[in-house]
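Protein chains: 4
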Amino acid sequence: MIKAGIIGSTGYAGQELVRLLIAHPEAEIVWYGSRSYVDEPYSRVYGNMFKIVDADCRDDDLQQLAEEADVIFTATPQGYLAGVISEDILKKTKIIDLSADFRLKNVNVYEKWYGISHKAPALLREAVYGLTELNRENIPDARLLANPGCYTTTSILTLYPLIREHMIDPATVIVDAKSGTSGAGRGAKLPNLYCEVNESIKPYGVTTHRHTPEIEEQLGYAWLAGEYEKEEGGAWNLFRVGQKEYEEGNAGGKKALTISFTPHLVPMNRGILATCYASLTGNYTEADVRAAYEKYYGNEYFIRILPEGTCPETRWVEGSNFVDIGFKIDERSGRIVAMGALDNMVKGAAGQAVQNMNLMFGLPETEGLRLPPVFP
Amino acid sequence: MIKAGIIGSTGYAGQELVRLLIAHPEAEIVWYGSRSYVDEPYSRVYGNMFKIVDADCRDDDLQQLAEEADVIFTATPQGYLAGVISEDILKKTKIIDLSADFRLKNVNVYEKWYGISHKAPALLREAVYGLTELNRENIPDARLLANPGCYTTTSILTLYPLIREHMIDPATVIVDAKSGTSGAGRGAKLPNLYCEVNESIKPYGVTTHRHTPEIEEQLGYAWLAGEYEKEEGGAWNLFRVGQKEYEEGNAGGKKALTISFTPHLVPMNRGILATCYASLTGNYTEADVRAAYEKYYGNEYFIRILPEGTCPETRWVEGSNFVDIGFKIDERSGRIVAMGALDNMVKGAAGQAVQNMNLMFGLPETEGLRLPPVFP
Amino acid sequence: MIKAGIIGSTGYAGQELVRLLIAHPEAEIVWYGSRSYVDEPYSRVYGNMFKIVDADCRDDDLQQLAEEADVIFTATPQGYLAGVISEDILKKTKIIDLSADFRLKNVNVYEKWYGISHKAPALLREAVYGLTELNRENIPDARLLANPGCYTTTSILTLYPLIREHMIDPATVIVDAKSGTSGAGRGAKLPNLYCEVNESIKPYGVTTHRHTPEIEEQLGYAWLAGEYEKEEGGAWNLFRVGQKEYEEGNAGGKKALTISFTPHLVPMNRGILATCYASLTGNYTEADVRAAYEKYYGNEYFIRILPEGTCPETRWVEGSNFVDIGFKIDERSGRIVAMGALDNMVKGAAGQAVQNMNLMFGLPETEGLRLPPVFP
Amino acid sequence: MIKAGIIGSTGYAGQELVRLLIAHPEAEIVWYGSRSYVDEPYSRVYGNMFKIVDADCRDDDLQQLAEEADVIFTATPQGYLAGVISEDILKKTKIIDLSADFRLKNVNVYEKWYGISHKAPALLREAVYGLTELNRENIPDARLLANPGCYTTTSILTLYPLIREHMIDPATVIVDAKSGTSGAGRGAKLPNLYCEVNESIKPYGVTTHRHTPEIEEQLGYAWLAGEYEKEEGGAWNLFRVGQKEYEEGNAGGKKALTISFTPHLVPMNRGILATCYASLTGNYTEADVRAAYEKYYGNEYFIRILPEGTCPETRWVEGSNFVDIGFKIDERSGRIVAMGALDNMVKGAAGQAVQNMNLMFGLPETEGLRLPPVFP
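Residue numbers (the numbering used here), protein chains in the order written: chain A, 9 to 384; chain B, 9 to 384; chain C, 9 to 384; chain D, 9 to 384.
This is chain A alone, in the form it adopts within the complex:
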């Protein structure tokens, strides 16, 4: 059994980790971390866990936790992990970080978008970006795994084959994303009150949302990979090479990749939908595009390429680790509309974290994650 500790177990993402791990046949939770509820029964914080979880919440003590756990999940605010992590801890345990601390390779980009200084930049290079389907080969050996953001996972997976195959012009990419309210966290803030969110939709963080550089960096790797393969051929580790170029300021290779990303808040609990627009670089048909998606995702259990004419809807993935992707070519405008949907709490956070844990511990990737979506 894998002994897992969770720091930040009483946030929504932390609680979803609890839901997934207590049902996981090869894992057990040994530490329910929560600074806000120290010594309170976990099931008093989350009534759904009554008679399922008996433990009390414990304070944050990464040192002690590293002694007790084989893996630590950090579902914490930005900056926390970078402030407490150390080589010593990484020698004792593995860390899967659901915050943004180790997602971006370039510390300047991090500090610019997040507005805080990074306390452990030396570990940025080692950290492995955990978008499982795209970085699978690098995950098993990771000590420090940077689990991607929810908007990020949706946007990248939806656009990746198109970018990698250079079927779309990277200068034209627009991602209009919509998220359920659990993505805003469990903080008691006025804008997240029921009556403020219900019966309304709003954009927020327009042009400034922190997931933007993460999407650009990863899609930048993908574009580079396409260039390398054309020019040099041969097998190629997307992220290792991509990261190197990126660190050297060569992001996106010979072509700039600057997306417009607009998140919206939707009156629903779970789900993210990303509607992505880009100009096609050629007269591609539905079959051409489908072939590209099949090439990269044809064998993926958690990615479902929808039949022609079908658009993803968040209701069909709720509660599961699936990503649904559909697309439509617009011949009038020469654009493609590519759409992806997932559950922000599962594939967008806790589910992908468990997927990565499985790889890091030599388990089948889908272990504990073959939950059918719950509808309605």
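Everything labelled a hint here was simulated from the structure, so no lab data went into it. Values in this document were obtained by computation on a predicted structure and should not be read as measured data. A few of these clues could be false.
Note that identical chains are pooled: a pair holds if it fits in a single copy or bridges any two copies.
Computed cross-link-like contacts, DMTMM-like style, restricted to lysine to aspartate or glutamate with a CA-CA straight-line distance of at most 25 Å [unchecked claim]:
#1 K127 x D296
#2 K197 x D67
#3 K120 x D69
#4 K238 x E48
#5 K11 x E48
#6 K303 x E48
#7 K100 x E316
#8 K197 x E48
#9 K120 x E375
#10 K197 x E294
#11 K197 x E339
#12 K127 x D149
#13 K120 x E339
#14 K59 x E375
#15 K238 x D62
Since the structure of chain A is already known, use the hints to place chains B, C and D on it.
Structure of chains B, C and D alone, referenced to chain A:
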């Protein structure tokens, strides 16, 4: 592997059966019945099942299905099963009926409340009422299992210990129940449109809802059981004896049990909450009442008696087979307010059906049902 | 033009007062009070008022406000008004209090249920209870008007004719009420977050909700009135006499009136539904009961007695000052189920306050309030 | 008093017309048309109108209605009005059509996008497009007014100043729109059921939605107007000239205007949000863009240009005729994100229809429409 067939698999309850059975380690679905979608891929009717269920929908053919399946679930309109069932079929397969056809023992009561004539009254006696926790000993041998209604399960489980122990006056019982909209089914009817249900709450079926006599009958057994035990002592099969008395028109024994039951439609997908009121028959304390609940439910996995001062909320049971029960004594009025919550699609329909299937096939009762509630 | 000031104008009830008063042809708002947003533009707190309200929020200064306003609305926490009101202020201006400070006549009852000491008990006698339809004759001369609670208005109006006519047994009254979330106010509290409220229904304040004694007191007057009329005959001022008896501890006259009241939180913004149960005192028919409702409400603009077989639904009153009432006699149990619905923000708070203001300033009672309900 | 008749008064848009017209001081409704509910009381179809509307629904009889009404609103399916309208009728009464029959000037475009043949193409030229703020000078004399679509009004008003001033490249315009569910109408269709819409967001009609050519045509006029003004100067009737060019196939003038338009269904009753993207044609600052919006909308009552940094949210316009517009320049990508929000039932349908009625009958444009938005 248990071969299961579902008639009515494209209704909400049918689809929930699909969700539970495909994740069940000892069952496989061999027949996705749906008169409305014959030959259409099941996953086109329910997009959540894309790449999970490959089968097409099949027409209703109980004879053929009885050849292929070890158990048939009927999630069908009232009257369907009674019209097609036969001794021949029951010799070949077991039936778990999610409709109301075999829930009431008295055919006159059925025909009065449902407004249709019963086509198979001879089987009423044999049918076993599947409120698992209360009728567990009779379920393993059942050929025809009448799976209880959603409102019914909530109301009966909430009130049972109080009635059985004669702690409340059965003449004063009021059940005010609130249900999510999935209980109204997937029929394309104007009152169930999003804009009609959203941002509103309404009572319906006031004094005439069909679950009323089912609640009264089962609580009537419970009251009788209390009488028998006091007067005669000894072990006692609640439902076998209760049914007999009930068939003979002796329902509720020496004291009439006529409840007021009012269902309400709530703008949410899942969940039922029953707020029950009754006058206490003595000066019972919180501890007295708690002891009664513990006596009957102390060892039940799926029934969670909440701590003092905690009321059930439907969010804490969503997606699971749990029933949460809380209560509060009102010294001012001499009444008790007992409250129960469950997921109408799971414990109120498909989950309890699987729970009963487990018993009927000698499996652990919780097999495939230990799903933690999904929140938020 | 009536000059109106609002203390607590940035709560939900305060904002609804703003909405109603700016559309009122005979009123203008001269003071947008809000301790939390002093000097901020009101329209930044409530974006709906952008380009409609130009004023900034002002601090609470009842003395100054009394100089500037003809009427002051206090939409404030319990205890605030009692702590600052004075004879001096009442000589200068009228006060319509949306808090509970002056609703109960008996200071002991207030202090017991609200858990705070009352700072101005001497004014309790003078304060006029503003359930407009039932106390209309006393409102025009009021200096201090106690505007009823939202649950209270619904429950009392629904039950009043039945109690007044002694058609139901006051010892059997149960009120099961359901409210939208705006009733919980705009405080940034975890239980009111979108994801906590959405997709769930829960009871709260079971047996202890503060609106309970208010309902009991007012229905107690009604019962008394019935007694007086039978025994003594003649015209009779319900509240003046009722209050006197009540103050003397003779509440409910010769028969105790102790209700069970259970509020529930529903995932919707607005609306209250009260489902009321009571045993009938005779074999009353639908027509008998209807006659009673017509007797008291037949000429009321804001009370709509629904046709036979129709139950109130909150969607049909949203945004308006209407109260919809329906009922159903249950011959099986000898009970009546009486149901009332209103918009908790309008008739349950700001609308009734304006209705009372109209009477206090000699205007037609419906002035500024003939808004049709908004659907969907 | 203007005598108004409504054909299709029992759809959602029809009902909203009823709500607005019964509160309108200069109008009265003389005909509640509804083929589905002939002879039924209108208030039984819409319970909110109980005791407000006494009339029964009447069958569709345009001839008779033309005798009785000064203005006829048609809130009917596409093709209906074109099939029954005649010069004779237009001589007797004015028509405000909420369907799409007379919105597009080019009959081929209509027939291609709507898939039906147009029965009255001769009237296309006469019909006046009723986007009030942009076509105000042509509306007073209209006999046949084509009231714009909901998505259309939002998209056009949001983009108009930018297109008119040639500040954005028309070849780069993307409109990602989100609508509440009332826009889908009151038809009893499975996809509109509560449980199908709730807790989900989905795109639909991707690249094929019928509002696309309407947006393109009107924005095409705007672009042309910009060209004309630059090249020729002088006063200029946007729509008269624009229409002429457009009819001649010269849409968009010397530059093609082909937008990508993607509507989404959001789990809320009312509201449309359009998030629009386009590449700027120069290094425009926030102040430049704001000046353009002020130039065209500075004096508009119903258009609110939000302060810098503020994005529109549908909750702030609900129930009102306002359009809220905000924008953000993205220097990184050289794009602008312009966002507009309105209530699809009011400014997107019935409210704008009444606004046009006011102009057609010489009333102040805001008569009956100065309703503050209802929140929450």
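Going through the hints against the structure:
For the homomeric pair K127 and D296, neither the shortest alpha-carbon distance inside one copy (46 Å) nor that between copies (41 Å) is at most 25 Å. In this assembly of identical chains, the alpha carbons of K197 and D67 lie at most 25 Å apart whether taken from the same copy (23 Å) or from different copies (23 Å). Taking identical chains as interchangeable, the C-alpha atoms of K120 and D69 are never at most 25 Å apart, the minima being 29 Å within one chain and 45 Å between chains. Taking the shortest Cα distances, K238 and E48 never come within 25 Å of each other, neither inside one copy (58 Å) nor across copies (43 Å).
In this assembly of identical chains, K11 and E48 lie within 25 Å of each other by CA distance solely inside one copy; the values are 21 Å within and 45 Å between copies. For the homomeric pair K303 and E48, neither the shortest alpha-carbon distance inside one copy (49 Å) nor that between copies (28 Å) is at most 25 Å. Proximity of K100 to E316 under the C-alpha cut-off of 25 Å is found in neither arrangement, the shortest distances being 49 Å within a copy and 42 Å between copies. Both within a single protomer and between protomers do K197 and E48 lie at most 25 Å apart by alpha-carbon distance, with minima of 22 Å and 19 Å respectively.
In this assembly of identical chains, the alpha carbons of K120 and E375 never lie at most 25 Å apart, being 38 Å within a copy and 51 Å across copies at closest. For a Cα distance limit of 25 Å, the shortest separation of K197 from E294 qualifies neither inside one copy, at 45 Å, nor across copies, at 30 Å. Taking CA atoms no more than 25 Å apart as the test, K197 paired with E339 passes in neither setting, with 45 Å inside one copy and 30 Å between copies. With identical chains, the CA atoms of K127 and D149 are at most 25 Å apart within one copy only, with a shortest distance of 24 Å there and 66 Å across copies.
Proximity of K120 to E339 under the C-alpha cut-off of 25 Å is restricted to the inter-copy arrangement: shortest distance 15 Å between copies versus 39 Å within a copy. Within a single copy, K59 and E375 get their C-alpha atoms as close as 24 Å, and across copies as close as 17 Å, so both meet the 25 Å cut-off. Taking the shortest alpha-carbon separations for K238 and D62, neither the intra-copy value of 56 Å nor the inter-copy value of 38 Å comes in at or below 25 Å.
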